[in-house]
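K.L.:
Residue numbers (my numbering), protein chains in the order written: chain R, 1 to 109; chain P, 1 to 147.
This list has only true hints and no planted wrong ones.
Straight-line distance between alpha carbons at most 27 Å, and here's what the computed BS3-like set of lysine-lysine pairs gives:
no.	chain 1	residue 1	chain 2	residue 2
1	P	Lys-122	R	Lys-2
2	P	Lys-14	P	Lys-122
3	R	Lys-2	P	Lys-100
4	P	Lys-100	P	Lys-122
5	R	Lys-75	P	Lys-14
6	R	Lys-75	R	Lys-2
Hints are computed from structural coordinates only; laboratory data are not their basis.
Now for the letters of each chain:
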Amino acid sequence: MKIHYVTGLGALFVVAVHIMMRLIMPYELSLEYENVIANYHNIPYVILLESILVLIAIHGFNGLRVILLELRQSKAWEDGVTILTIAAMMGIVAYGTRTIIIANGLGFE
Amino acid sequence: MEKLSDRNNREGIKGWLNPSRYGWERVSYWLQRLTGVGLLAYFVAHIFETSSLTQGPDAWAAMLELTQTPLGHLILLLVIGMSTFHSVNGIRLIFTQGGKGLGNPGRPDYPYDAVSLNYRQKSGIWIALILAGVAMLYGASVLFGGE
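Please put together the full structure from these sequences, using the hints given.
P.N.:
Laid out in structure tokens, this is it:
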């Protein structure tokens, strides 16, 4: 469970910063396209977003794996659940990273 | 001899959701898993939502029209409550697994209440629930108050 606790505490910290960034200006304004794209041009913030993505993906899919392993135990089930959750985790990290990379390359209209 | 695979003593999700066992600690166990699954679903949806950025301002505006609605704000409020409870209760569980707040081992006396299920653990669960409520109130003031 160490990886679950470490990623959970890490995610708590980075998500807190992510939410505070939404509150430094009026909420509706923070969601405007130009402001959101500006976030993706800020390299420390990009690193923060990638950290959130990786930490929550590991924590979330490992948590789901633990729940599914509590429900049923057999070699095939346990192997299947582990492989599927790792694949889903890698898929979501890849898809989120794609958004970060493309948004980082986008200019202002 | 009965084969291991023939034993059908597995309760599955029905056993998992049974609220009549073990008191508040069971409710906390149940809520921790329920909020975890809910937050994972929100996380996946949020990744999909933000990916519309890559298709330009019009796609982003269309996504905001879909999510920035009273229903979308209510879902966000639920996410705020779930994430606060999951975080605070998760920290309690980290301490508990480290042996903190469990009390000292003692002789089992009638009515055999477990020493580990003590007021510290119950307070932690209540603090998590109260903080989730406070966070939801603050979230409501931001989302619906036009701050």
